[in-house]
Amino acid sequence: MDFNVFSNLMTGFVAAGTFQNIGFAMLGCMVGTLIGVLPGIGPIPTLAMLLPITFGLDPLSSLIMMAGIYYGAQYGGSTTSILVNMPGESSSVVTCIDGHQMARRGRAGSALAIAALGSFFAGCVGTIFIAGFGPPLASFAQKFNSPDYFSLMVLGLVTAVILAQGSVLKAVTVIIIGLLFGLVGTDVNSGATRYTFGISSLWDGIDFLPMVIGMFGLVEIIRNLEQESIERNPISTKLRDLWPNRQELKEASPSVLRGTALGSLLGILPGGGAVLAAFAAYTVEKKVVRNPSFAFGKGAIQGVAGPEAANNAAAQTSFIPLLTLGLPSNPIMAIMMGAMMIQGIQPGSAVMTSNPDLFWGLVASMWIGNLMLVIINLPLIGMWVKLLQVPYRLLYPAIIMFCCIGVYSSNSEPSQLLIMVFFAAFGYILMRFGCEPAPMVLGFILGPLMEENLRRSMVLSRGDPMIFMQRPISATLLALTACVVLLIVLPSFRKTREVAFQE
Amino acid sequence: MLRVKSPQDLGAGLLFIFIGCVGLYFGKDLTYGSARAMGPGFFPIWLSWIINFMGAVCLVRSVTLEGDPIATIPIRPILWVSVGVLLFGYLIEHVRLELALLTLAVVATQSRRQTDLTQKIVAGFAILFGIAIIATRVQTFAFLKPFGDAVFGVSQWICLALFAIYALLTWGERDARQTVILSVCMSIAAVTIFVVLLGQAMPTYTADYIAPVFSKIGSIFSSIRGR
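Residue numbers (my numbering), protein chains in the order written: chain S, 1 to 503; chain D, 504 to 730.
Hints are computed from structural coordinates only; laboratory data are not their basis.
Please note: incorrect hints may appear among the correct ones.
Part of the chain S face toward chain D, derived, beta carbon under 7 Å [claimed, not checked]:
no.: 1; residue: 104
no.: 2; residue: 106
no.: 3; residue: 168
no.: 4; residue: 170
no.: 5; residue: 173
No experiment lies behind these values; they were computed from the predicted model shown.
Just so you know, even glycine gets a beta-carbon here, dropped at the ideal spot from N, CA and C.
Turn these sequences into a full structure, and let the hints steer you where they fit.
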């Protein structure tokens with residue numbers, strides 16, 4: 001395996017730099033922002049709803065477009081939280097606090113520009129991070145055997161729980177339910193059909209697309225509809241006030257650096273990701289910055305720059321566990337993994353060796369995607385603001401239409417829409433009972449893999465579960481898992497976690 | 504005396520136990536195998552037991568810890584969104600993409616408050632098609648099949664009529680008028696994006712009626728040039 005960062009990146013830029021692929025990156029960023037800007041729709045539903053439009057493309061273009069959509073959605077989310085004080089998703093909650101106050105002070109443009117530039121910088125660093133850390137980690141991952149993979153997945157699923165809001169117990173159960181849903185369909189080993197209830201369209205398992213669109217897209221729509229009329233008065237901004245002044249730049253740049261460093265590190269951890277990074281960065285900024293010109297919570301630019309850089313860096317580096325270990329660290333990565341599997345790619349250490357163009361192309365396209373965001377989206381802010389003024393009652397039929405066409409086009413079967421409605425109802429009920437449905441996707445994606453690795457380990461050890469303790473890698477991973485469980489259960493950590501989510 | 508202190512936990516616990524039991528009940532015919540040679544039932548049964556256990560813990564928590572009440576579940580959005588989506592799925596094979604989308608838009612808008620009259624008309628429409636779908640898809644109701652076939656035979660006219668009635672009835676209100684216009688634009692855009700640009704195979708009127716006209720014009724031109 002080649003460890004030279006720059007020659008690798010060059011391979012990537014050659015693969016991703018074709019006219020067609022740049023076009024798709026641009027398109028992805030545009031539609032991602034378009035949907036991501038809509039209030040109440042965060043990156044996860046955006047990604048889920050836009051998945052179908054990437055299906056017709058070849059694998060690399062489709063992944064590039066997906067990455068574009070992801071960054072676009074995230075950026076759109078911060079635009080909404082700054083201008084309307086309505087976070088689309090938990091990772092933008094933090095941006096809301098100071099970003100909206102800045103907007104009220106008339107510095108909306110500056111907040112948006114800092115968010116975009118900070119994200120771009122973080123994106124560049126994140127890309128280099130992936131190029132540097134990816135190959136060593138992947139070659140390490142090749143030492144992994146079935147028991148190690150099983151323990152890794154256990155670790156990944158347990159750490160994912162930290163991110164879920166609300167009760168840990170419920171989050172764990174929701175993940176296990178996801179595992180069970182993942183097993184529906186024909187068992188590869190024995191050919192037995194499991195939990196198909198005699199419905200032929202379930203023989204191949206529950207399709208990924210209707211599940212995520214139902215669970216995230218439709219649930220989001222229904223949830224927004226129940227609040228009959230949402231007050232939305234976006235603060236208008238002109239292109240003229242877009243550029244931050246020197247004072248602001250001076251204050252923001254150290255925060256961007258700190259945010260980037262923190263985000264890059266937190267993103268690599270299994271279970272880490274944009275949300276965790278944003279919260280952590282905000283806490284750090286609050287501690288580190290001694291005398292901000294505006295207090296935190298009153299429109300401190302550091303409170304925008306740090307978390308925005310951190311969440312983008314983490315969004316970037318959370319691809320590392322997915323691409324090298326085949327382990328999605330958060331629900332968004334699970335959706336990415338689903339998209340890859342639909343394209344016939346099994347994420348994991350093999351991608352880098354068997355398909356270097358694809359791997360490095362994707363890495364390069366992340367950088368291209370970030371660049372696109374700055375080039376295209378900053379000048380277009382006026383347009384996104386206009387979009388914010390479109391009332392929701394006009395938007396939601398269009399969004400539902402889009403979801404339906406997407407699901408139907410993937411496999412022209414009415415039963416797909418039935419599955420979508422089922423998961424919408426299921427997700428909604430879970431939410432009403434205080435369970436966050438998002439971690440379920442993680443379980444759903446990992447269910448079959450986990451069973452397969454468990455089965456192989458058991459064959460290796462002739463039925464002795466101690467194999468997970470005897471192998472050094474697996475034992476380490478399980479020890480880590482135990483630490484995480486202890487952390488979650490410990491009352492002091494629990495309190496900080498609750499406080500973090502309340503802020 | 505047990506008192507439910509946390510309704511959310513109670514609901515979650517019951518839901519988990521329900522899922523766990525479904526898992527166990529429908530997994531009972533699967534071969535369990537042994538740890539050494541896991542059968543198809545091994546993993547699911549274990550998972551189901553864990554889910555049941557977690558559900559039980561939730562139930563215990565619901566009577567010991569104070570928690571949030573369950574917010575009321577609004578029926579209207581869930582009902583109309585689901586009905587719209589399902590109608591779309593079954594109608595698209597009979598009335599093609601454009602009309603199916605318009606129908607979906609009309610049904611989905613019912614999830615907000617509408618006038619009584621449109622609500623009744625749309626509900627009637629949904630029930631009519633609901634019966635037709637059940638009649639043609641479910642064996643038990645096969646005796647209704649002629650009725651279902653008849654409904655689907657003229658389904659495009661029914662959908663068109665529904666859309667026309669909806670448009671006429673609501674033209675006075677600005678909101679609804681905008682919805683009508685937007686849904687027409689949206690279905691045109693959808694056809695353009697999915698069928699023309701992305702080349703996904705879907706039944707559309709555009710492809711079936713308008714494309715041949717274009718190709719005919721094209722062939723006329725080429726024959727003129729050929730001469």
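Evaluation of the provided hints:
1. 104: With Cβ-Cβ at 29 Å, over 7 Å, it is violated.
2. 106: For residue 106 of chain S, the interface hint is violated, since the closest Cβ of chain D sits about 32 Å away, which is over 7 Å.
3. 168: With a closest approach of 11 Å, the residue 168 of chain S hint is violated.
4. 170: holds (6 Å)
5. 173: holds (4 Å)
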